[in-house]
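First residue of the sequence shown? That's 1 in the numbering used here, and the numbers climb one at a time after it.
Keep in mind that a hint or two might mislead.
Said to hold, decoys possible - In silico DSS-like pairs for lysine-lysine, Cα to Cα no more than 30 Å straight-line: (1) K77 with K56; (2) K42 with K56; (3) K47 with K79.
No lab work stands behind these hints: they were computed from the structure.
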Amino acid sequence: MREPRDYEHPLCAEIGGDFWFPEKDIEKRNSVDPTYAKSICKSCIHKTECAQWGIKNERFGIWGGLTEYERTLLRTKSKIRVKDWKSA
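Generate the whole structure from the sequences, applying the supplied hints.
Structure below.
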């Protein structure tokens with residue numbers, strides 16, 4: 001499986017990184033709306049491959065249009081084990 005940095009012309013490379021790694025709003029206790037980032041992923045030719053990468057390798061951010069929460073649900077449902085992550 002290729003790493004996303006090896007993709008040819010991914011749409012996310014044209015957009016700032018803040019959209020892909022939205023920080024939680026501590027006061028509101030929720031995440032920044034990922035709608036814009038997900039709309040970019042929706043049109044990207046690498047969406048499926050990137051989502052698979054994110055499910056198997058990434059704890060934070062939006063990968064292939066999937067948020068951290070959505071990837072966690074898929075991992076649990078599919079019984080996918082991921083590498084050990086140190087607490088952030």
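Find the hints from earlier in the document that the structure breaks and name them by number, from lowest to highest. The structure conflicts with no hint, since it agrees with every one listed earlier.
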